[in-house]
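Asker: Chain residues, written in single-letter form:
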Amino acid sequence: MDTVRAAIPGALRKLDPRVQVRNPVMFVVEVGSVVASAYFIYALLTGSGPAAFLGQISVWLWFTLVFANMAEALAEGRGKAQADTLRKTRTETVANLLKGGSVTQIAASRLRKGDVVVVEAGETIPGDGEVMEGIASVDESAITGESAPVIRESGGDRSAVTGGTRVLSDRIVVCITSNPGETFIDRMIALVEGASRRKTPNEIALSILLSGLTMLFILVVVSLQAFATYSAAQVSVPVLIALLVCLIPTTIGGLLSAIGIAGMNRLVRHNVLAMSGRAVEAAGDVDTLLLDKTGTITFGNRQAAEFRPLAGVTASELADAAQLASLPDETPEGRSIVVLAKHLGFRDRDLGEDVEFVPFSAQTRMSGIDYHGERIRKGAADAVTAWTRELGATVPDDLAAEVEAVAALGGTPLVVVRNTRILGVIYLKDIVKGGISERFEQLRTMGIRTVMITGDNPLTASVIAGEAGVDDYLAEATPEAKLELIRREQSGGRLVAMIGDGTNDAPALAQADVGVAMNTGTAAAKEAGNMVDLDSNPTKLIEIVEIGKQLLMTRGALTTFSIANDVAKYFAIIPALFAGAYPALGVLDVMALHSPQSAVLSAVIFNALIIIALVPLALRGVRYRPLGAAKLLRRNLLVYGAGGLMAPFLGIKIIDLIVTGLGWV
Amino acid sequence: MWSFLVLSVAVLGVVTLLTRPLGAYLTAVFSGERSARSRLIAPLERIVYRLCRITPDHEMDWAGYVSSLIVFNAVSGALLYGLIRLQGYLPLNQSGVAGQDALTAFNTVVSFVTNTNWQAYSGESGASTLSQMTGLTWQNFISAATGIAVMVALTRGMARSKTRHIGNAWVDITRAVLYVLLPISLALSLVFVAQGAIQNLGAGTVITTLESDTQTIPGGPVASQEAIKVLGTNGGGYFGANSAHPFENPTPLTNALQVIAMLAIPAGLTNMFGRFVGDHRQGWTLFAAMLILFCLSLTGMYVAERAGNPVLEQAGAAQHAYSGSASGNMEGKETRLGVGDSVLYATSTTAVSCGAVVAAHDSLTPLAGGLAMLNIMLGEVVFGGVGVGLAGMFLFALLAVFIAGLMVGRTPEYLGKKIGSREIQLTILAVLAVSGTVLIGAGTAALTPSALDALLGSGPHGLSEMLYAFASGAGNNGSAFGGLDAATPFYAAAIGIAMLLGRYLFIIPVLGIAGSFAQKKAAEESAGTFPTHGALFVTLLVGTVLIVGALTFFPALSLGPILEHFLMQAGTVL
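The listed protein sequences derive, respectively, from chains W and D.
Per my numbering, residue 1 is the first one in the first sequence, and the count goes up by one each step.
Per my numbering, residue 1 is the first one in the second sequence, and the count goes up by one each step.
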């Protein structure tokens, strides 16, 4: 209720013709309201004509306008609340500017691109930038709402920091990357407030259609006056205006911009920032989703599922060695090997003295321990065989088969070797997230293809792809391969969405029709994408698509409803117009309305109230269902098309009963 | 009733059966397949190209295409103007017809150039044999070929992607005439002659009647003109009585053949459209929507005509003297044909933008006349004029997809091509041009004293006459409520302008849309694609046509035919 009250001044301010003229449908209503009011005042002053009737018509015409403005103001109001929270973080921060080795304090608002600042624990980062030096934990709750601190460090994919967030520990040196007023937070505020909102392509096309219909109905009503004159059935100008306002698509015309603003806000509520409305619309059109395997389809970590000893090796021998090699290994994979061994009866043991841990390195691609003079290693098959051969030992013949068997299961094989004897293979398994394949099934019914992106080899990738139920996969994916895949999809006329974080994702993000950058990602990725996910949650892509679809569906539903409404209004107003001259046309008055005046008034009131009644739907959006297009169409046509035909018959009749009951006419 | 039902089912059945083979033939002709080039015609085609210096391989963008069509239409219109102004001094003028005055000639020229064939003059007395055989017949072919070319170009625009080219206008017109219109007309004229339609160059025969008066039985090359009149949805009759004249339409068979000929090419084009875009279902969907609208109108008109006029009944003029297809409202009917045949012909000629008539539309019962009018007002999309009718239905499909298509949560696309603001803009322009012309024209007439003086009817019927005239002009139909004196300066000028606006402000946006779609990439169909085939879309399309048509014209119709109907029911006629 408070938000409604807060929206009223905004709604009234929007009555300014300079604002209304941007929306041709509502501008016609405004001109009509002015003319009708003039007739009312003239009737009031001269005592000629039905002043009470004209007064009520005028009032309801103005209401129509205010209600439409109200919808927009309400949508904007929601955004404003979010913007205010954001704005608080922008309050005057002091920046420690680093120049020629000495630190000077200046206001954050005076920082320019390229300046270098130092931020210590407890201080607020003064502007968007890249960490040049150091590592720190940063509280980003101001923009993400997530209270757990995140790590930001120089180099790599976690180097971007956002102005307004707070350093909790350590000290970092930041190179500022944006000028005042252009920072991320500034852009966010502008977006959620709708200040920088531009009409999207489909919205423009729809506005053209609505303006065209408005012109058509102006011609209809003007020519009707000519025909009525010929037929000696005088119709008063205010009644013709009432007819015109009822016919032009005021319902969708009044709610169109509110739907757009609400769509953007819905994204913001999901912690996604779209850089343009165009991107939100494109999200609804997406045909292909590129999803990273890790984090989206599978949990980040693989787990040991089975020990597979080679011929002549017992299972316990292998498990023993595998456990030994993994005991000091703190990686999740390492832990899972220890856990699996424990299930087989090997308890955690204290290694005591004379142990040296050999950590994993990119060169050896193995890890393990040197223990009591024994060298136990686990690692990739080719690394282990090379190592074994170098020591002059032979590689058992059945190793290759065992390794392939694991790969064929979609697992990652880790080979375990004790000194020069290869014992067997550990089967590391990717765990597919629960419910994800149902999600993909839904996407498929909506006509969206999912493509899994992974660095795994094709064999492993195909197994996981099968298990997760994706339509296709890209194995051994390099940034170039991703870019190529996107181009190939697009050349087939498909729209592609992807999510990414690293600098090397930037070209693909830029090429994709919907490129969502993770907030934890690099500045390059964020610049390249057209959306940023503040939660850095790769599953978010699916929700973004749903929000885009919902936006378009809401627009279509209200347009259909608005146009279908007109049929009933004709049956209310046309017989009323000519009831005096041609009582024979009374047959068309299927609603049996009380009097010509009550019929016209009821239609106008219905037309105004339906806008208010549909505001919640416009702001909330039509309920989204993951169905195929044919089913969705049948359903929505029934609800909004057939419903739109019937609803006003009922509504106008009820209003007619009320206004006559109240004695207004 | 049974004879009417059998006749209608037979005629529509034949049209449906013809749709597929005709579509295949049209596809072959306009995609330039060798198989379509008969040995007889291909050399002729080459001669035309050589004489006119046409390079058949040279493709045009939409602007080039549309300007070629317009220039061609304008030049042949100018020649026709000269011909009918000077026909009094030219040979082959056995009946001694004088040249038409400037305004009537303007109206006639526009009328024949735009495929309307609104005849402000009467066939026998307004055009010499030379004018009929050369000027008017030439235009009958050319205007029909222009319409077909427009649809062919639009179809190419949908079938192609990432190109600016939509074909060569000269080639399309040439092929439409040589491969489609000429051969079928030739065959049709022979059938008409065999059935008794006349075909001669005689001045007419003077005979002495039983009452010892003398009467001139006119002659002329009727059968040949008759064929292209219906096949090209032209409608301009050799005689003022049009197809009610036994020399134009001698037997029930020719009557049915004329209806089939009117519907055949517009129906065949739907199939061609489906073939070009690689999905037959798309063509059948448009065909089904047209057929449903046709049947609705046909049924309504038949019911209204069979019910007859209760006022006349009370006055002692029995409307149901005997049962059979001839009973009902017989005013203005050719007694050879009766209500059933007349209603089928009237529905077809208005739905198809032909304008040939076998009955006086002015004498139809109010609702039947209103339905005839509505067929035209819906935009001549129920099969419609050759080519342009399907193009109009295509625009309605765009509107339906655009409005309802959003409800599946995607930017609307038709046949894989996204509908953007440019296409919507052009669609709206075309719809506004045609509907606006009718409303503004009739509205102006309703307030102009000289226009009101030219009416036969008064009250609601007078309004119907004006509405019908402007609908017929802007819709390029050409039939009329004959009570209105079309030869008066107001109507000669105003309807002339309406015909021009209704033709070219429709063709230009349609080709603009063709050009715009040709450049777009077509997306592949998926489960998320809005289905533009099947029963649901047919329903949606029919609903869109009816709702847009009804919303635009319901107020006007309610003061015209609807009011007249209720007054008639109440026993008063104004």
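Certain hints may be false.
No farther apart than 20 Å at their CA atoms in a straight line, the calculated lysine to aspartate or glutamate pairs in the DMTMM-like style are these [stated by the list, open to error]:
#1 W:Lys631 with D:Glu59
#2 W:Lys429 with W:Asp397
#3 D:Lys521 with D:Asp213
#4 D:Lys520 with D:Glu59
#5 W:Lys99 with W:Glu123
#6 D:Lys521 with W:Glu404
In case anyone wonders, no lab produced these hints; they're calculated from the structure.
Computed from a predicted structure; not experimentally measured.
Asker: Each hint should be assessed against the structure and marked as holding or not.
Answerer: Consistency of the hints with the structure:
| no. | hint | verdict |
| --- | --- | --- |
| 1 | W:Lys631 with D:Glu59 | 42 Å, violated |
| 2 | W:Lys429 with W:Asp397 | 24 Å, violated |
| 3 | D:Lys521 with D:Asp213 | 72 Å, violated |
| 4 | D:Lys520 with D:Glu59 | 18 Å, holds |
| 5 | W:Lys99 with W:Glu123 | 19 Å, holds |
| 6 | D:Lys521 with W:Glu404 | 43 Å, violated |
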